[in-house]
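Engineer: Given next are the chains, with one letter for each unit.
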Amino acid sequence: MFSGIRVSAFLAWKSIQRGSRGTLALTIMIIALIFVNLVFLPSIISGVVVTFDTQSIDFDLGNLVIEPREGSQYIDGVDGLQKKVEQIPGITGTSPRITAGATYFYRGRNAASTLYGITPEDERSVTRIADYMTAGEFLSGGDTDAIIIGATLAGTEGVEEGGLPSLEGVGVGDSVDVAYPNGATRTYRVKGIFETQSFGVDTAAFVTTREMSRVLGLDNQASAILVKTAVNGREEEYKTEILSYGVQEDVLTFREKSGGFVEQAIQSFNIINAISTLVSLIIAIVVVFIVIFINTVNRRRQIGILKAIGIDQQIIINSYVLQVLFITAVGALVGIGLNAGVTTYLTAYPLVFPGGPVYPDVEASAILRSIGSLFGVSLVAGYIPAWRIAREDILTAIRG
Amino acid sequence: MAENLTRVYAMGNVEVRALAGVSLEVAKGEFVGIMGASGSGKSTLLHILGLLDRPTSGSVTIDGTDVLALSDHRRTLFRLNRLGYVFQDYALIGELTALENVYLTSLVRGASKDEYIERSADILRRVGLGDRMDHRQSELSGGEQQRVAIARALVNSPSILLADEPCANLDSQTSKSILDLFARLNEELDQTIVMVSHEDWHKEYFCRIVTLRDGLIGDMVECRKA
Numbered sequence: 001m002f003s004g005i006r007v008s009a010f011l012a013w014k015s016i017q018r019g020s021r022g023t024l025a026l027t028i029m030i031i032a033l034i035f036v037n038l039v040f041l042p043s044i045i046s047g048v049v050v051t052f053d054t055q056s057i058d059f060d061l062g063n064l065v066i067e068p069r070e071g072s073q074y075i076d077g078v079d080g081l082q083k084k085v086e087q088i089p090g091i092t093g094t095s096p097r098i099t100a101g102a103t104y105f106y107r108g109r110n111a112a113s114t115l116y117g118i119t120p121e122d123e124r125s126v127t128r129i130a131d132y133m134t135a136g137e138f139l140s141g142g143d144t145d146a147i148i149i150g151a152t153l154a155g156t157e158g159v160e161e162g163g164l165p166s167l168e169g170v171g172v173g174d175s176v177d178v179a180y181p182n183g184a185t186r187t188y189r190v191k192g193i194f195e196t197q198s199f200g201v202d203t204a205a206f207v208t209t210r211e212m213s214r215v216l217g218l219d220n221q222a223s224a225i226l227v228k229t230a231v232n233g234r235e236e237e238y239k240t241e242i243l244s245y246g247v248q249e250d251v252l253t254f255r256e257k258s259g260g261f262v263e264q265a266i267q268s269f270n271i272i273n274a275i276s277t278l279v280s281l282i283i284a285i286v287v288v289f290i291v292i293f294i295n296t297v298n299r300r301r302q303i304g305i306l307k308a309i310g311i312d313q314q315i316i317i318n319s320y321v322l323q324v325l326f327i328t329a330v331g332a333l334v335g336i337g338l339n340a341g342v343t344t345y346l347t348a349y350p351l352v353f354p355g356g357p358v359y360p361d362v363e364a365s366a367i368l369r370s371i372g373s374l375f376g377v378s379l380v381a382g383y384i385p386a387w388r389i390a391r392e393d394i395l396t397a398i399r400g
Numbered sequence: 001m002a003e004n005l006t007r008v009y010a011m012g013n014v015e016v017r018a019l020a021g022v023s024l025e026v027a028k029g030e031f032v033g034i035m036g037a038s039g040s041g042k043s044t045l046l047h048i049l050g051l052l053d054r055p056t057s058g059s060v061t062i063d064g065t066d067v068l069a070l071s072d073h074r075r076t077l078f079r080l081n082r083l084g085y086v087f088q089d090y091a092l093i094g095e096l097t098a099l100e101n102v103y104l105t106s107l108v109r110g111a112s113k114d115e116y117i118e119r120s121a122d123i124l125r126r127v128g129l130g131d132r133m134d135h136r137q138s139e140l141s142g143g144e145q146q147r148v149a150i151a152r153a154l155v156n157s158p159s160i161l162l163a164d165e166p167c168a169n170l171d172s173q174t175s176k177s178i179l180d181l182f183a184r185l186n187e188e189l190d191q192t193i194v195m196v197s198h199e200d201w202h203k204e205y206f207c208r209i210v211t212l213r214d215g216l217i218g219d220m221v222e223c224r225k226a
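So the sequence lines, in the order shown, correspond to chains A and B. Just so you know, we're using the UniProt record's numbering here: the first sequence kicks off at 1 and counts up by one. Just so you know, we're using the UniProt record's numbering here: the second sequence kicks off at 1 and counts up by one.
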């Protein structure tokens, strides 16, 4: 058994070493490109998920969202609820938000978008919007006549934002009129402009809770409370924990709050990925099959001679299988190198999606899965032609 | 020992009787030449004796083993351990050097590296290729390639060396050197050799000449040796 493998390896290595270098290089390159194709799309899908999660947690929703119980428009007794939630181990911040649809007016232009009322210090403990000010400053607790605006909503002079709400050129220090849903209109000085690259956030604006409560006639009430946890990815556990503390309001993870948008997107991506993977693997099967088929047909006589001098056909088949394994292994290694290059490039120059910049997220499982499937199909595609020729009658093979 | 061998091929609707009942006994140390016209069945007989083909009927016994009763795997092992084969067109593995071609079967037998290298090099020196061991097939002349094939056939000390027109592709000078080599191996090593040939001048090398005619032994002549 061992000597058989030793002979197979010997024949395989000599064939690789002294066979056609061009064919070998071309086959390895094709396998490498198939590997890149197998890994690239899942890495982008993972990147989209990571981007969505990060953007949602950092700028839009926090890890969890507490919402008014069914039938209520607002959460009452916000201070008490905040204190209750913040005492739960692992909760690092809470930020009550009042949400209202508003229309903004600036120099004869208007745009409708979401206006949030926030407590600046609380908001800093949950989201990172304050770190993404591109001009001016974040809100302070005492601000009543100030507003901060997302970069898309602020817009650029003379540039329409492709259907997104835009005031086309609001800058820090400008005055913007805001019409509230209850008919009240206020004029605010733009204190800052932020850009998070999350389009849902960059089309919104923020004033203080103090100001918005006064306009809407609210008292210690909020449309939602965002909750930040110490660790990402354990939202379900924290949700159970919060509910166990007797919170009566609805508690949603950021994924639940997004209404399955990401799941739907991932499902669509996965269908595309499955098709792409299938096509790639079929190409791998065809390429390896053709290479080994031509190789064995050209060496039909040699295979017959090997059998005639007493080499078992399994040794001959295994020598071709080992060649395929070598080609696949080197192809996968080259593919990993190429993929690293593509990943490095896309990390430096990320793809920009509506949810934010997407960096390829190459998961070890995707690499292992790709290597495994490549080896699987290559083995089958290499074994079959070698087996077909090697089992041929000796004299028929020798006569060619 | 071959007894009453027949071999019938079906070519379309026509049956071709390549061997029609051949019985032959080859003693240890004999150099037997199988001769005959084209189509007389000499290659078929050699293929059956070499376990490369199966007869339609009859029996073949080598070293007391009924080789026709062996499974395919056992036949392969038998070829590896007991038989050496020299083909008309050398049949070397082009990607291997002369030395590698020779030690390949020893590798299959599980010999140690030192053992198979030493033995293969020794045989290559014996066939006059001591200085060509690291050359590949494309770097060797026809005669040198056939010497490598002979060395490969001998490396495992086979019971019988079977040669199918080994000089067919060689000029007369080279053919003579190959036949001299066979004769020397036969004498020095007491190597049993069965060789197919159609050249009359080869007869002087054989101990016994078996001439086939229409699938039957037409003539059997003892010559060089008693």
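Keep in mind that the hints were calculated from the coordinates and are not lab data. Check before you lean on any hint, since a few could be wrong.
Stated by the list, open to error - A short, non-exhaustive set of chain B residues, derived as facing chain A with CB atoms under 8 Å:
no., residue
1, D53
2, V60
3, I62
4, D63
5, Y85
6, L96
7, L216
8, G218
What the hints assert, rightly or not - Label-pair ranges, simulated between beta-carbon atoms:
no., chain 1, residue 1, chain 2, residue 2, range
9, B, L189, A, R301, 44 to 52 Å
10, B, E187, A, G376, 52 to 60 Å
11, B, H135, A, V297, 33 to 41 Å
12, B, E3, A, I282, 41 to 49 Å
13, B, G142, A, T344, 51 to 59 Å
14, A, R18, B, E118, 20 to 28 Å
15, A, G337, B, L189, 18 to 26 Å
16, B, E187, A, A329, 28 to 36 Å
17, B, H135, A, L351, 50 to 58 Å
18, B, S172, A, V297, 53 to 61 Å
19, A, A329, B, A69, 39 to 47 Å
Ideal placement from N, C-alpha and C gives every residue a C-beta, glycine not left out.
Engineer: Next step is simple, just say for each hint if it's right about the structure.
Structural biologist: Going down the list of hints, with the structure as the test:
Because the closest C-beta pair between D53 of chain B and chain A is about 6 Å apart, less than 8 Å, the hint holds. Interface hint status for V60 of chain B: violated, as the beta-carbon distance to the closest one in chain A is roughly 16 Å, over 8 Å. Violation of the interface hint for I62 of chain B is found here, the shortest Cβ-Cβ separation to chain A being roughly 14 Å, above the 8 Å cut-off. At a threshold of 8 Å, the smallest CB-CB gap from D63 of chain B to chain A is about 15 Å, leaving the interface hint violated.
At a threshold of 8 Å, the smallest CB-CB gap from Y85 of chain B to chain A is about 6 Å, leaving the interface hint in force. Annotation: L96 of chain B was flagged as interfacial toward chain A, and the flag holds, the nearest CB pair being 6 Å apart, inside 8 Å. Annotation: L216 of chain B was flagged as interfacial toward chain A, and the flag is violated, the nearest CB pair being 22 Å apart, outside 8 Å. Residue-level restraint check for G218 of chain B is violated (minimum Cβ-Cβ distance to chain A is 24 Å; threshold 8 Å).
The supplied range of 44 to 52 Å is broken by L189 of chain B and R301 of chain A, whose beta-carbon atoms lie about 29 Å from each other. Taking the beta carbon of each, E187 of chain B and G376 of chain A are about 57 Å apart, inside 52 to 60 Å as hinted. Distance hint check: the CB atoms of H135 of chain B and V297 of chain A are about 27 Å apart, inconsistent with the given range 33 to 41 Å. The supplied range of 41 to 49 Å is broken by E3 of chain B and I282 of chain A, whose beta-carbon atoms lie about 55 Å from each other.
Our hint of 51 to 59 Å for G142 of chain B and T344 of chain A holds, since their Cβ atoms are close to 56 Å apart. Distance hint check for R18 of chain A and E118 of chain B: the Cβ-Cβ separation is about 24 Å, which falls inside the suggested range of 20 to 28 Å. Evaluation of the 18 to 26 Å hint for G337 of chain A and L189 of chain B yields a failure: the beta carbon distance comes to about 55 Å. For E187 of chain B and A329 of chain A, the hinted distance range of 28 to 36 Å is not satisfied, since their beta carbons lie about 52 Å from each other.
Remark: the range hint 50 to 58 Å for H135 of chain B to L351 of chain A is upheld by a beta-carbon distance near 57 Å. Distance hint check for S172 of chain B and V297 of chain A: the Cβ-Cβ separation is about 36 Å, which falls outside the suggested range of 53 to 61 Å. Look at A329 of chain A against A69 of chain B: about 43 Å separates their beta carbons, and that is inside 39 to 47 Å.
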